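Q: Below are the chains, spelled out letter by letter.
There are 2 protein chains.
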Amino acid sequence: MKTLIVYAHPEPESLNGSLKDLAVSTLEAAGHEVRVSDLYAMNWKAVVDAADYGPDASSPLKVARDSGRAFDAGTLTPDVLAEQEKLLWADTIVFQFPLWWYTMPAILKGWVDRVFTYRFAYGVGEHSATKYGERFGEGTLAGRKALLSVTVGGPESHYAARGINGPIDDLLFPIQHGILYYPGIEPLPPFVLYGADRMTAEDYPDVAKAWEQRLLTLESTEPIAFRRQNFGDYEIPSLHLKEGLEPTGRTGFGLHRRD
Amino acid sequence: MKTLIVYAHPEPESLNGSLKDLAVSTLEAAGHEVRVSDLYAMNWKAVVDAADYGPDASSPLKVARDSGRAFDAGTLTPDVLAEQEKLLWADTIVFQFPLWWYTMPAILKGWVDRVFTYRFAYGVGEHSATKYGERFGEGTLAGRKALLSVTVGGPESHYAARGINGPIDDLLFPIQHGILYYPGIEPLPPFVLYGADRMTAEDYPDVAKAWEQRLLTLESTEPIAFRRQNFGDYEIPSLHLKEGLEPTGRTGFGLHRRD
Numbered sequence: 269m270k271t272l273i274v275y276a277h278p279e280p281e282s283l284n285g286s287l288k289d290l291a292v293s294t295l296e297a298a299g300h301e302v303r304v305s306d307l308y309a310m311n312w313k314a315v316v317d318a319a320d321y322g323p324d325a326s327s328p329l330k331v332a333r334d335s336g337r338a339f340d341a342g343t344l345t346p347d348v349l350a351e352q353e354k355l356l357w358a359d360t361i362v363f364q365f366p367l368w369w370y371t372m373p374a375i376l377k378g379w380v381d382r383v384f385t386y387r388f389a390y391g392v393g394e395h396s397a398t399k400y401g402e403r404f405g406e407g408t409l410a411g412r413k414a415l416l417s418v419t420v421g422g423p424e425s426h427y428a429a430r431g432i433n434g435p436i437d438d439l440l441f442p443i444q445h446g447i448l449y450y451p452g453i454e455p456l457p458p459f460v461l462y463g464a465d466r467m468t469a470e471d472y473p474d475v476a477k478a479w480e481q482r483l484l485t486l487e488s489t490e491p492i493a494f495r496r497q498n499f500g501d502y503e504i505p506s507l508h509l510k511e512g513l514e515p516t517g518r519t520g521f522g523l524h525r526r527d
Numbered sequence: 269m270k271t272l273i274v275y276a277h278p279e280p281e282s283l284n285g286s287l288k289d290l291a292v293s294t295l296e297a298a299g300h301e302v303r304v305s306d307l308y309a310m311n312w313k314a315v316v317d318a319a320d321y322g323p324d325a326s327s328p329l330k331v332a333r334d335s336g337r338a339f340d341a342g343t344l345t346p347d348v349l350a351e352q353e354k355l356l357w358a359d360t361i362v363f364q365f366p367l368w369w370y371t372m373p374a375i376l377k378g379w380v381d382r383v384f385t386y387r388f389a390y391g392v393g394e395h396s397a398t399k400y401g402e403r404f405g406e407g408t409l410a411g412r413k414a415l416l417s418v419t420v421g422g423p424e425s426h427y428a429a430r431g432i433n434g435p436i437d438d439l440l441f442p443i444q445h446g447i448l449y450y451p452g453i454e455p456l457p458p459f460v461l462y463g464a465d466r467m468t469a470e471d472y473p474d475v476a477k478a479w480e481q482r483l484l485t486l487e488s489t490e491p492i493a494f495r496r497q498n499f500g501d502y503e504i505p506s507l508h509l510k511e512g513l514e515p516t517g518r519t520g521f522g523l524h525r526r527d
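Those sequence lines, one after another, are chains V and C.
Its first residue numbered 269, the first sequence is counted upward by one per residue in the working numbering.
Its first residue numbered 269, the second sequence is counted upward by one per residue in the working numbering.
Some hints could be false.
What the hints assert, rightly or not - In the DSSO-like style, the derived pairs of lysine-lysine whose C-alpha atoms are separated by at most 27 Å in a straight line are: (1) C:LYS313 with V:LYS313; (2) C:LYS313 with C:LYS330; (3) V:LYS270 with V:LYS413; (4) V:LYS413 with V:LYS399; (5) V:LYS413 with V:LYS477; (6) V:LYS354 with V:LYS413; (7) V:LYS270 with V:LYS313; (8) C:LYS330 with V:LYS313; (9) C:LYS477 with V:LYS330; (10) C:LYS510 with C:LYS399; (11) C:LYS399 with C:LYS330; (12) C:LYS313 with V:LYS330; (13) V:LYS477 with C:LYS330; (14) C:LYS270 with C:LYS354; (15) C:LYS270 with C:LYS313.
No lab work stands behind these hints, which were simulated from the structure alone.
None of the values given here were measured: they were computed from a predicted structure.
Can you make the complete structure from the sequences, with help from the hints?
A: Rendered as structure tokens:
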């Protein structure tokens, strides 16, 4: 495998930092190539603005259009170009981050906002009577897999089917389906560590063992069975799921899984 | 009303900029007090790091604990203290932002990550057999209402019950319930403009009229009927919703609404 690890935590001596280090050593020891985007160490610029598009920024700024023009012209900033190159190089992407306020930290969202430009991650492919662009299962990053490795402060029960925070799969859906699957990446079931705020050094060996096992079985793990957009399950252009495809009673985000 | 508008768009001459300006003028003309946090104009620091906690940052950094200690000591940075003060001043908070990759732009997530510190927005209240802290309907910001005003590039059908992106209410749940309701703010039904990427100057008068109407009826709008945590609907400490409270067949995020 060629694995890119995108890592977002301000403290190297954190649980997230340890999990990132363990991912590097475990994958390299198994003969895989690994590159790391350590967003805090890189002092990653988190905020989209006109400076991102250099000579291709218009006034007034149009984020989608201008980012696409800069992508086509090769004039995106070097930091963004480097991340796009890493994504094209990788066949597997691991995201290591703490769940802050039920989603990724701002620095990682800013990596998505800036790297996933128009014409690279969206605005790809043609529109016709049978195709609504290359998205959700097709796109620039098709053929790649991704794994979210997430630490969560609260206990697992709060993220269960009836838990007050909502089910973890639903909380991660906007990332797994909306960010990753959109440009073609196939997300694997996430690796979630609950109760991270109360974890002690004594808990770590078990955590490390579980994480190593996930890493060493990445290649044989089945991706989440999201439905592809352009292969008959959706009406075009409304992109409504056709009636009758889902198990009885299923609603919401779960409609977009085949299993 | 005392309204705080938190606004996140890099271009003043954008649809988001126009909606923010119209909110200010409409509310002021109706006799309300308005303050604006224009995150791009303020050059808002989006990224949590040790510098946020000054002398109260520990090494290794512990984000929750250190932010709470700095909050208690009054040593949070002036930019964060100013936002906390605005939130305490306001009775109504309007968030104006574009939906980027199915959630808020990084600069606004960074406002949440930095302003919603431990002891201010979480880690508030006691734990007992009948109470799991003051959260979800109680907390520092109880008594306040919030309105998300969101522009969305795609068409409404893609965000419908069977739409490929998932229902808009589910996409906004981690913000409305997880970020706003958690410290006690009651979210109102959101104001969502679809098809923003294809909107023209000719469409704007109708949009402006609808937005003015929402703004002028904020005080009489019923909040979303989220369930309060500590008033009998949830088992403590598992925070599972008790059996039988929901309409038959309802699952997922929808469980946490009383209606």
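Q: Does each hint fit the structure? Answer for all of them.
A: Here is what the structure says about each hint:
no., hint, verdict
1, C:LYS313 with V:LYS313, "holds (10 Å)"
2, C:LYS313 with C:LYS330, "holds (19 Å)"
3, V:LYS270 with V:LYS413, "holds (11 Å)"
4, V:LYS413 with V:LYS399, "holds (23 Å)"
5, V:LYS413 with V:LYS477, "holds (22 Å)"
6, V:LYS354 with V:LYS413, "holds (14 Å)"
7, V:LYS270 with V:LYS313, "holds (25 Å)"
8, C:LYS330 with V:LYS313, "holds (22 Å)"
9, C:LYS477 with V:LYS330, "holds (24 Å)"
10, C:LYS510 with C:LYS399, "holds (15 Å)"
11, C:LYS399 with C:LYS330, "holds (26 Å)"
12, C:LYS313 with V:LYS330, "holds (22 Å)"
13, V:LYS477 with C:LYS330, "holds (24 Å)"
14, C:LYS270 with C:LYS354, "holds (10 Å)"
15, C:LYS270 with C:LYS313, "holds (25 Å)"
Violated hints: none; the structure is consistent with every hint.
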